[in-house]
Structures are given as C-alpha cells and as structure tokens.
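Colleague: This is what each chain is made of:
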Amino acid sequence: MSTVILLTLTGLGLAALYFLIASGLSLVFGLAGVLNFAHGLFLSVGAYATWWAEPHWGLAVAVPVGIAAGAATGALVEVVLIRPLYKRPTEQVLVTVGLSLAGVALLQSVWGADPRTFPRPAWASEVTTIGSAQVPDDRFLLIGTAVVVLLALLTFLHRTRYGLIIRAGVENRDMVSALGIDVRRAFTLVFTIGGALAGTAGVLGGMYFGSVSPGQGASLLIFAFIVVVIGGLGSVTGSAVAAVVVGLLQQFVNYYGAAGAGDVSVVALLALVLLLRPSGLARTAVTA
Amino acid sequence: MILRVRDLSVRLGGSHILQGVTFDVPPSGVTALLGRNGVGKTTTLRAVLGEVPATGSVEFGGDPVLGRPTHKLVRSGLGYVPEDRCVFGGLTVAENLRLAVRGADPDYDTVHELFPELRARAGQRAGTLSGGQQQMVAIARVLLNRNRLLLVDEPTKGLAPAVVSAVAAVLSRVAEQVPILLVEQNLAVVRRLAAGAVVLEAGQVAWTGAASDLLGDAGRTRTLLGVGRA
Chain A
-17 MSTVILLTLT GLGLAALYFL IASGLSLVFG LAGVLNFAHG LFLSVGAYAT WWAEPHWGLA
43 VAVPVGIAAG AATGALVEVV LIRPLYKRPT EQVLVTVGLS LAGVALLQSV WGADPRTFPR
103 PAWASEVTTI GSAQVPDDRF LLIGTAVVVL LALLTFLHRT RYGLIIRAGV ENRDMVSALG
163 IDVRRAFTLV FTIGGALAGT AGVLGGMYFG SVSPGQGASL LIFAFIVVVI GGLGSVTGSA
223 VAAVVVGLLQ QFVNYYGAAG AGDVSVVALL ALVLLLRPSG LARTAVTA
Chain B
-17 MILRVRDLSV RLGGSHILQG VTFDVPPSGV TALLGRNGVG KTTTLRAVLG EVPATGSVEF
43 GGDPVLGRPT HKLVRSGLGY VPEDRCVFGG LTVAENLRLA VRGADPDYDT VHELFPELRA
103 RAGQRAGTLS GGQQQMVAIA RVLLNRNRLL LVDEPTKGLA PAVVSAVAAV LSRVAEQVPI
163 LLVEQNLAVV RRLAAGAVVL EAGQVAWTGA ASDLLGDAGR TRTLLGVGRA
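Respectively, the protein sequence lines represent chains A and B.
The first sequence begins at -17 in this note's numbering and counts up one residue at a time.
The second sequence begins at -17 in this note's numbering and counts up one residue at a time.
Excised from the complex, chain B in its bound form (with noise of 0.2 Å):
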C-alpha cells in the first residue's frame, strides 16, 4: 500500500469532524474517497498532508509521516490538487507552474501535451483564468514533478460538462503513471476513474471496497452517498 490510514482523529473548533478513519490506498490506480457534504473528506486529505493537526497513524510509502512538516511531506513525492484549485491569481501561469517545480528536471513535455492552452496562456495572470482553465493550471503543479501519490480533490467541482470530461480523461492518463486519492461527488467520473472507494459517513469509514461494486448498488449508493445510481 502507498498510504496506510489508521484510527485518524481530527478536532477543528470543537467539532469532531474524523473520529477514527482507517483506509488503505494502493499503489497503482484512482481511489475514490466518498462521502455526502460534510462528512470530512477534504479534512481527511488535508490531515494526511499534514495541514490540520490530527492523531492517529498515517503511512507514506512506509513511512510514519503524521505531524509532518507539510512541505516536507510534499517535497517526498505527495502531490496536492486542492478543492477549488486555489491558483494564485495574482501570478501569471507561467509563474504558477514555475513556483511548483521542485526537482532540477521538471517535466513541462507532459503539460503541454495535456494542457497545450497553457502554453499559449502562459503571460497570462491566473485569476483571470476560467475555472477549468485553472484545473488545469493547478493538475499541472502536480504533474511537473515526480509523485508517488496524489490527492485530488473534487477536481471537477463546478466545471461545464465538456470540461469535466476533458479533466477526467486527464486523470485517467495521469493515473496510468502515479497512484491517485480522488474526492469527488461527481458519480460519473467516479465510475470511469476509479478501481477502488471508501465512503464516509460522519467522520468514520462507513465503507471500503470495489467502486463498482458501490455504484453498480443502487441501493447501497443511495444509502452511503444520498444519491441514486451513476
């Protein structure tokens, strides 16, 4: 396993938003990370990194890595797409990619080739980019360098539904090369990326297994996730 998750407990201004999450994450393919609003998705990815204070355990590669200095942890190959992309936009494009590279060979061949738009909007500053221009621009900080993981969060969050296909094929290839942790509520997307699925429900694993198996129950995906079947 890439990332072993256990017993982890998070407290944010009194509320206890995880109370004891345990999952694993292989290491090859997208695992979804499911679950209805609220029930401590995003906080999870974000314990993981190190950006909320948290108890339990959480395994890296092997490695113990709770209480980690974030960019440390970062910087040893977890790569981060943050829910509503949080791009800088203030810089331009260009500055964004520039500021992600970490390693003396960033690979700029692989976003272009993905994001040939980038290229062309490089001068541009990205706040005045649209929302999917900038999922592109924050997918790509994590592509110029070498990851052994990602966490993605609800990537397509907000995007037209062209786009949310081109972002998901993207995702697709991406996966092919590094394992991804994915929140997402887009159901679809969920059935055509993901092998794996972990559901929460009020800061606990409610449940793990195959995606398909989830979604191909439309009882059961009506039950973890309010929603009736992809």
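Isolated chain A (complex conformation) (with noise of 0.2 Å):
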C-alpha cells in the first residue's frame, strides 16, 4: 500500500511539471496556432534565472525572478520572431526548433552541460508520512501549485475580458478580429503567460529533480506536447486531466514494469487517443 500511495503522489507531482508545461503550450497553439519547439527554453530560462539568482538574493525572490525570466522571454520570442512569421507556419516551425536548440547550447557554453545544483526549501527536503508511505514533501509543493495554477488560469478566463477572448480565439481568431478586437495582443498574452508556466515548472522541476540541466526542458517537452495533444488543443482542464493520467501512467508501469516502459505506455497511450478521440479527451477546443 505504501508503494501505491508514494507511486501515485510522485505520479501527480511529475504530472504537475507536465500541467505547467503543457497548458502555456496548449494555450499558444489553441489560439495563435503556434507550434512552439522552443517552450522547453521558457523552462530552462526560469530555472537557471531562479538557480542563478538564488546565492544573491536568496531563494524567495529567486522563485520571482525565474518566473518573471520564462515570461519575458515568452514575450521577447513572440514579438520579436514569431509576430513577422504568423502567415509563414513551415518558418515558425524551423525558428521555434533552431530557437531551442541555440538555447541550449548558449546554455551550455555559459554554465556547462553538467547538472547543477538546485535551490529548494529546507522543508522540501524533508518526508510526510502518509499511512505507511514516506512521501518526500516537495512533491506537495509541485501538486499544491499545479492546482493553484489551474484555478488561477480558470479564473482569468472565465472571468476576464482577456480570457474571453483566449476563449474566443481558440474557436476563431479571424471572428475575434472581425469583432474589432487586436487579437495579436492576445497572442503576446498567452506567450507571456505560457512562459511564465513554464518559468514555474523549470523552479519546481528544478526542486523536484534536485538539480537543472540546459537539455531539461527539452526532455519534459516532449510529454508535455504528449499531454497536449491527449487533452485537447486549446484546453486548460483538458491538459490538467491528461497530465494527471500520462504522470500516473508513467510512474505505475516504470514501477511495475520493465525499464522505460513508462514512457513507451504514455506513447501507446497517445496512439490510442488519436485512433479512438483524434481532438483530445476536451474533444472540442475550447479552454475551459
């Protein structure tokens, strides 16, 4: 039994990682219809910005700053390389994959390709014990921000003028156009808030692994684009879901299984969604 419980709170704390990824990733291609290889690099930047600034300025404005790093360059990506490419989605596709793959070598050629070590609070470190399992306390924190995540992005869109029109531009951004609405700003929105996700999930992915690396954004884009594509493009509750069943998923059959069937079953998973549901377990884009 606490086996199953360690198993299925490590599977939602991976799960979480997947959600904040994959949400910002969702949201961006719902409603500006890009294709972004270079979301791993919004991680990667918040959590070196954050492991950087952690030895200066301590690990409670470090978490800001690491946020705030994956938001601006969200922002920086779609206003200054993706905004000229809107009708060109073939160069949008090459820009975004050289993008990520210059952003880890750059950092690499700063930091190195080792790991290094991530900050985390002391408390994190420590275990809770929960029937008769030890559960290692960061994965709490990763759980706990995950679900504040999702009720905050909720909450923005259903209750705010800009998230209605997120709402909107997944169904038809030329409708939302022709309502007289600049729907480009918009676009910047969900880059810049997709970057800040991903901010977030490079700090705590950073916690959660002990330690960050420039190809580690890269490696959980993948599931994340997975947990994208079982949700629904465009929604938020769908990726939650989806995140939730690829986290379990993975953590159950690499426990149960052979080595590396984790990530085999999540592919499978994957085939099995686009044959039976090809929309995603949303079925249709809508980001609720």
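Warning: the hint list may mix true and false statements.
Restraint-style ranges between C-beta atoms, simulated for each label pair [said to hold, decoys possible]:
#1 A:Pro103 x B:Pro51: 29 to 37 Å
#2 A:Leu17 x B:Glu41: 34 to 42 Å
#3 A:Asp156 x B:Thr92: 21 to 29 Å
#4 B:Gly113 x A:Ser261: 51 to 59 Å
#5 A:Ala134 x B:Glu95: 37 to 45 Å
#6 A:Arg141 x B:Glu95: 27 to 35 Å
#7 A:Ile(-13) x B:Gly109: 36 to 44 Å
Hints are computed from structural coordinates only; laboratory data are not their basis.
All of these numbers come straight from a predicted model, not from anything done at the bench.
C-beta atoms are modelled at their ideal positions from N, C-alpha and C, and glycine is treated no differently.
Assemble the dimeric complex from its two separately framed chains, guided by the hints.
Modeller: Pasting the structure below:
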C-alpha cells in the first residue's frame, strides 16, 4: 500500500510539471496556431534564472525572478521572432526548433553541460508519513502549485475580458478580429502566460529533480506535447486531466514493468487517443 | 457613397478569384451582392474587411482602407455578419455578445427588443443553439455597436422558411438605421430588402442597377444568376 501511495503522489508531482508546461503550450497553439518547440527553453531560462539569482537574493526572490524570466522570454520570442511569421507556419516551426537548439547550446556554453544543484526550501527536503508511506514534501509543493495555477488560469479565462478573448480566439481567431479586437495582443499575452508557466515548471522541476541542466526543458517538452494532444488543443482542463493520466501511467508502469516501459506506455496511450478520439479528451477546443 | 470598391483583385492559392471588381454602396438601404456559387461574393466581403490579401482600392466613408488590419476597420464602424454565423460555440450567448461590445454604451435595448429569446438564453452555450438562434446572435453582435455599414453574408442560409422571414424582417428594420451590403442567395429576401444590386460573374462585376430591374427581368435573372424569376 505504501508503494501505491508513493507512486501516486510522485506521479501527481510529475503530472503537475507536465501540466504547467502543457497548459501554456496548449493555449499558445490553440490561440495563435504556433507549434512552439522553443517552449522548453522558457522552462530552462526560468530554472537557470532562479538557480543564478538564489545565491544573490535568496530563494524567496529567486523564484519570482525565474518565473518572470520565463514570462519575459515568452513575450520576447513572440514579439521578435514569431510575430513576423504568423502567416508562414513552416518558417515558424523552423525558428522555434532552431531557437530551442540554440538556447540549449547557449546555456551549455555559459554554465556547462553538467547538471547544477538546484536550491529548494528546507521543508521540501523532508518527508511526510501518509499511511505507511514516506512521501517527500516536494511532491506536495508541485501538486499544490499546479492546483493553484489551474484555478487561477480558469478564473482568468472565465472572469476577465482577455480570458474571454483567448477562449473565443482558440475557436476562431479571424472572427475575433472581425469583432474589432486586436487578437495579436492576446497572442503576446498567451506567450507571456505560457512563458511564466514554463518558468514555474522550471523552478519546480529543479526542486523535484534536485538539479538543473540545459537539456531539462527539451526532455520534459516531449511529454508536455503528448499531454497537449491527449488533453485537446487549447483546453486547460483537458491538459490537467491528461497530465494526471500521463504522470500516473508513467510512474506505475515504470515501477511495475520493465525499465523505460513507462515512456513507451505513454506513447501507446497517445496512439490510442489519436485513434479513438483524435481531438483529445476535451474533444472541442475550448479553454474551459 | 459609404463604400467605393475599385478594381479589387484577389488571388488565393493560385486562383484569380476577383479580377477587378468595381462597385459602390450608397449610404442608406440594402445593396445586394449577387451571383452564382463560387463567383467571389464572400471573397469580396472578406477582401473589403482585410481578411484576404487584395489589390485595387477600397474607400470606406471616404478613407482608403485596403491593407488596414481587420480589427481597426471594424472599429471604424464596419460591422460583419459572416457566412455560417461563426458564433463561438463554447461561449455562452451572453459571452458572445459581451465579446462583441466595442464601446462604453452597447445597445442591448435594441438587441433584446429584436431578439427577446437571446435574453432568455443568455447562459446557454451558443454551440447548442439552433441555426436560427445562432443567426440571431451573429446579427445581435453587430447591433450592439454603432456602425456605418454592415457586411452581411448569406444570413438566411440553411434556415427554415419561418426563420428566414423573421431574419429578413430584422434586417429590414436594421437597414432603416444603417446601410447593408448583403450577400444573399434567396431572391425572395433580396426582392424584399434590396434597393440596389451588384451581380458578380467569374470574379468580375457583370451587372449593376436597381434590384427590382434585375429581379423583374426573368431572362436577365436566369442568365446572371442561373435561376428563374423569384
């Protein structure tokens, strides 16, 4: 029983990371139609910014710095690189892939390829006993943050005018423009939000894995893409549900099956969803 | 003239869809933009609106507008009711309307007077409405704001006859306040609403004049529109 509890909470912790990356990725693709392979770079920038800032200003300041760095990177990439290419999807993909590779290379050249020990609050290194299971407290940090982010995102999407514009734009951005709304501002906003969420994932990922490395964002991005497709493009709730399914499946199969079987099972799940429900769990692209 | 279109050309995907379209829309009443399927009526509206790249010239209220971003053109008073309604199915009726509000003083009174049903269905997702109800939402969106011209694309398409009549009645009332450029296949509706008509054929203007002159001439109607007298 203790193994099941531990695997469940570890799977949910991983799911929290996937959700934080996938929700931004999903909104960006759903609204702006951009397949952003540089999204993992936003995560890495957030993680490295926190890692760099912590010795100078302490963790309480370093965490917001990391999130802000992710958000700023997202906004900058949209304004400088993506905006001129909205009508050229092939070039868009090439630019985001190139940026992702260049970003990893840049991080490597500055801080090296080896993982760097990542700071975490002292309490996150302790364990909590649930039943007979000893659960590391960082799992609760990840899960709690993801729940807060999910609620905040849904509140933003349903209670604000920009949220309304984003939800409508995911369905039909041309029609949003035809109502007199500058939908490109919303594009910048979702890139900024996506960058902030990825930056948050970078910070939490660093705490979860205990280290940060240049390729961390790219490796997590693969599973985030799978979560986006399973959850349904443009759906925040769909991303949350899919992240939980993927995180739990991966953990349980990795533990009870052969090494690496968890990753294979996630890809198998993706294939199954594409066959049976190609538009994902949310079916229609709504940001509910 | 509220809208002057001169030598408007559009190429899309290798096809020369509009080939020098020229016509005017007067500052009052309904002007019908007619033609067989695929002659470029919807493309003309979308080109005026800036949704597709075009060459030539378009003046709206005396200002050249070709190449201006769609949202700026709409904010200058050009309302658009698209073909197939294009309501946001995942949003409620109230959210669809709220999204369309441009100014500080939206005219909900007119909307609720013309479409009382929308008030009752405010919390319903627009995607679950009937075609006629969705058309009400699409028209209501432009009525919330002060416009100088409405582009209305096939508002009766796919609707039941009773609903067609209701939509035509609403457009007739709306046209008392604001001019309309109307794309419409239902010639009975055109006969009821339109004063002027522009007929497109193969991406060019084949005929312009009074709608009554066109529809009163069975031979011309058959030749230009491929149908008998309405």
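Colleague: Hint compliance check: list the failing hint numbers for this structure, sorted ascending.
Modeller: 1, 4
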